[in-house]
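Protein chains: 4
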Amino acid sequence: MIIQLEKNISAEQKADIIAHVQEAKFKVTEVDTQRANYLVGTGKADVDLRTLGQLPGILDIHRVSDEYKLVSRKWRVRPTVLDLGDGVRIGEGSLSISAGPCSIESEAQMEKIMQHLVDNDVRLMRGGVFKPRSSPYSFRGLGMDGLKLFHQMARARGIKIVTEVMQVSQVEEMHDYVDVFQVGARNTQNFNLLDALGGVDKPVMIKRGISGTIEELLSSAEYVFSGGNEKLILCERGIRTFETASRNTLDLNAVPILKEKTHLPVVVDPSHGIGIREYVMPMALAGVMAGADGIIYEAHEKPEEAASDGQQTLNFTESARLIHNLRKVYALRQELEY
Amino acid sequence: MIIQLEKNISAEQKADIIAHVQEAKFKVTEVDTQRANYLVGTGKADVDLRTLGQLPGILDIHRVSDEYKLVSRKWRVRPTVLDLGDGVRIGEGSLSISAGPCSIESEAQMEKIMQHLVDNDVRLMRGGVFKPRSSPYSFRGLGMDGLKLFHQMARARGIKIVTEVMQVSQVEEMHDYVDVFQVGARNTQNFNLLDALGGVDKPVMIKRGISGTIEELLSSAEYVFSGGNEKLILCERGIRTFETASRNTLDLNAVPILKEKTHLPVVVDPSHGIGIREYVMPMALAGVMAGADGIIYEAHEKPEEAASDGQQTLNFTESARLIHNLRKVYALRQELEY
Amino acid sequence: MIIQLEKNISAEQKADIIAHVQEAKFKVTEVDTQRANYLVGTGKADVDLRTLGQLPGILDIHRVSDEYKLVSRKWRVRPTVLDLGDGVRIGEGSLSISAGPCSIESEAQMEKIMQHLVDNDVRLMRGGVFKPRSSPYSFRGLGMDGLKLFHQMARARGIKIVTEVMQVSQVEEMHDYVDVFQVGARNTQNFNLLDALGGVDKPVMIKRGISGTIEELLSSAEYVFSGGNEKLILCERGIRTFETASRNTLDLNAVPILKEKTHLPVVVDPSHGIGIREYVMPMALAGVMAGADGIIYEAHEKPEEAASDGQQTLNFTESARLIHNLRKVYALRQELEY
Amino acid sequence: MIIQLEKNISAEQKADIIAHVQEAKFKVTEVDTQRANYLVGTGKADVDLRTLGQLPGILDIHRVSDEYKLVSRKWRVRPTVLDLGDGVRIGEGSLSISAGPCSIESEAQMEKIMQHLVDNDVRLMRGGVFKPRSSPYSFRGLGMDGLKLFHQMARARGIKIVTEVMQVSQVEEMHDYVDVFQVGARNTQNFNLLDALGGVDKPVMIKRGISGTIEELLSSAEYVFSGGNEKLILCERGIRTFETASRNTLDLNAVPILKEKTHLPVVVDPSHGIGIREYVMPMALAGVMAGADGIIYEAHEKPEEAASDGQQTLNFTESARLIHNLRKVYALRQELEY
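Going down the list, the sequences are from chains A, B, C and D. Okay, so the first sequence: first residue is -1 according to our numbering, each after it adds one. Okay, so the second sequence: first residue is -1 according to our numbering, each after it adds one. Okay, so the third sequence: first residue is -1 according to our numbering, each after it adds one. Okay, so the fourth sequence: first residue is -1 according to our numbering, each after it adds one.
In isolation and in its complexed conformation, chain A is listed as follows (with noise of 0.2 Å):
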């Protein structure tokens, strides 16, 4: 169950819903975020939300049994709606793009693919500066100083940066430089990382796990959501699967499923979803018709000398034709009757 707190409660109305809620054999947490106080009552007794409901100091109550709470569509119905100021926005009423390199490599590079995405009015730049890879001998990264100049050169273009962190020391360090922090696929039950990630006040794109469930994806957004920020985004980028034609298997169902469970934007990310060049187009665009509220795929000016994920990276040309095409998409799906 939740209970939505009046903002002006007293100690004494707090603690005598608490004692109440504890009564009905429930566990109680009291999540406080940037927006909003909670109470998240968890247990398996049946009890009289109407009854309860009318104890002063409780703004709303809802009766949610899936695992996850605060993330659930049944107690919030309102889409999430993230404003990342200067216009760009994340959620329904708009779709959202984002492109760039796996990685980003130099201050030569930024500058080329930012000029693409301005020529393109697309606003989120993606790029990774801390990478996370199978092998310890492989390209890490450009670190903090790759983050600092990504920033620099982003602000003065009016882009905002979605990036990855890869662990707890890095939040704070990564902050004022990023705009959307990235939970990557092997990180996404990184309980830790995700209970630090609840501390920031912006937003965080939770990718799903290699091999994670729909529900498993839910409840990481239910930690950061928990540990006091709202600001939510999830990402379907492609599951582990036997077939072998494809690097993943883009889950496209976990689209509408999604937005059915969860008041959280949803985004696609066909690169990694499938993993092969020429396929990202179709599967861009086929995402967007699933429902996703954004895209966001790997493009680079030479993908051929990309310091990793060439093979799934668009070079411009494709990148410009892409945009237009998921425009065009979009603006059709907002036109039919679902």
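The reader is advised that the hints may include incorrect statements.
Remember, identical chains collapse to one label, so a pair may be satisfied in a single copy or spanning two.
To be verified - Computed cross-link-like contacts, DMTMM-like style, restricted to lysine to aspartate or glutamate with a CA-CA straight-line distance of at most 20 Å: (1) 146 with 105; (2) 25 with 303; (3) 300 with 276; (4) 158 with 174; (5) 42 with 302; (6) 200 with 81; (7) 25 with 58.
Everything labelled a hint here was simulated from the structure, so no lab data went into it. Bear in mind that the values here come from a model prediction, so they are computed numbers and not experimental data.
Given chain A, work out where chains B, C and D should sit, using these hints.
Chains B, C and D alone, transformed into the frame defined by chain A:
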């Protein structure tokens, strides 16, 4: 390697070509379809096709290194379009829509669904009379009596029939009442059935196996083709993964991959692909945007009373809206440059 | 629910029982096997078995809520042991070892492998004459001529034959030359084949589907049993997963789970289960320790020259060592209290 | 390529070797462990190791083409055996048994389980104080206070501690109270954590990722090794598949495959591997027969009252019987020629 023979080739010429190919350490299989005559050579040796190609009696010769040969687009670049007569086509240049119940249940049921199809200008009806069921105690379909009635009613309305064949002995029995033989996901590697369907002159739609790879699907198609029947359609219908929030994981990645690997038409079954009524629409539209040549889905006057698969079956209101949207999305796809 | 009928039940008594069961909202299926006569009731209603059980003509009545009924151990607690004659048994109380080549190739080949089996006191030989192959251009087996020779040579040496049947029409054809019909992993849900095998009086070994669940395997066995044939063996042979370091993932978890869920014997195929010769031994021994009633594996005089599956086939030295070890491990298992 | 350097190598000699390796188009990583100093060369070029090997300062040089290098058995043929002190060893030559509760709950609980271990001559106790939980509202462990008590009680009884570390900041904090750091299945690719564990001088047991490949597990071990810590143990604990009859699919295939690919000890966790108490015994015994160097399982005085994982936890009677049987099975394995 594939060698297409001239129509008027002499027995001596053919024997001579075979001898040359065998000399090059290739195993030769003679394939005679309703359309043409081929020699398929399988082997690992390196051979000079130009020299070989000069032998009299050879119309065309191609190297195809995949396990599958005749269904490969490396050999036949132009997409195959199947003509079912009466203006019904499957393949590039149009979007083929097939709808109907999981199981044929009664004359009254068919009457209603056919009227719905006619009203919406849909020319292909799916519906099972032989039903593969995991339990021997479940309803297994109306059998041949159902099919005969299905055929009679469909003919009267200009509707073409897509229905599943489960075993070799049914191929002949069903032949005159069927427009497209469907091979179900549990029979994708029923090689005797595929062999038998190589002998008929009607289109065969092969569904991807429950955990079948894209390559296995193509090899199954190769069985039918090499058995003599070039009229083939491939169907992506979801694969089995760890995810339990959907019935199957619709692998739309398979659509652009198949479209590049083979010249055969590719259709998508969103009903089995996600298994939840509310989400059939977005997945069907996504399938079109991924590049599908057709959509096949389940519809029923009263899904909640259907003999099987009711939970993933659209009612007529939903179905009409889907048909309308499918055509809009397909029209947009035709406009876009991919 | 399962009702075992008395042998001398009258038609009236039977009709009366059926009427009572149907009245309780259960669908009734009559099952007559070579061993006994049953009524299987499927439905969701709650019914008082004690009252029902007092009707004349009922020998025994059990509630079985699983999808599968007659193969369930909830009903028949005592393990099924199959007697193949000449002292060859499969089931609890002994460890059944079957070995032989993937494909029957020639008289000389069989001569050698049979001598190897006789030398090591192994009484069951596996070997395919109808081979399911993913490509139509691969070797598909020697067919009935091969089987007849196989049968003649095996009979002369007191060896029993386990071989794969691929389609309905082969069941009758193969019947007199086979001791155990094997249903391959691609045919686990070939329901027509299962139905047909319900009509024979010889044991049927069903391999788990390539991505078949344990429950589906039991339901496939239920097909054969409810078709009239109680002589069944289940075989774990590895499932398809994302792991590519082995051919399949041998799911030994299935062994103790199946042993509790069903009264049927359970055997393990380590050759397909891991697919790499060097590791067949440890996986076979692990299979015994997990509780298998038998092991079936591939052996060949010269694995590197085998017509198929050479990479997972043991030579005679390895095979002899495995047989020796299997018996040691089984002897220890008999001593231990689990 | 791996180059083991001589202990007394000069800076000039080392620089010279590095220069030669780089000239051959290899990237060089210097690895200094508590045991020795290495250069790891990664690249695709072909190089003559004999010439290179004659440079002064090189003790040993090997070509290792796998992604993982230092953990490969191609380089170090002799199995690694870890000595935890007080006669407790992990690796070939003995069967290492670890048991204990999922979570450390209380002094009374530890008292009982430790007595059980002492009674059965088990020297390693597992037990979590930091618990990764998919829901933020679940019990997350007693933390450092629990660990300190655990350590004090274990030391008094000659018991060694295996416990999970979840994040970088805990490594130092936990260091003095832990005998084996466990990296959980959700952290197998938490590369920062692996890096940090490269800096400690205590053994690290890495569990296979929830859907991690065998190769990824080895690469994760390579992280720790190349970070400076050679004391590694790998643990097979089941992978995620489509099968729902068990919690995970214990992949015992991984045991012989890992034993050949790496010199590191391999242990099996049957509790998580199957997730059902009744079947832990057969899977543990199967694990030994597959070649495991150790078994780690969950035990609790009253599994039904355990704070977590009760459904897969053995009570003391079951645990004592398992320990007895494990030793019998291991003794037999030592006798057999594989």
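Structure-based check of all given hints:
no. : hint         : result
1   : 146 with 105 : within (11 Å within a copy, 49 Å between copies)
2   : 25 with 303  : between (54 Å within a copy, 18 Å between copies)
3   : 300 with 276 : within (15 Å within a copy, 42 Å between copies)
4   : 158 with 174 : within (12 Å within a copy, 44 Å between copies)
5   : 42 with 302  : between (55 Å within a copy, 17 Å between copies)
6   : 200 with 81  : within (10 Å within a copy, 47 Å between copies)
7   : 25 with 58   : within (18 Å within a copy, 49 Å between copies)
Checked against the numbered hints listed earlier, the structure breaks none of them; every hint is satisfied.
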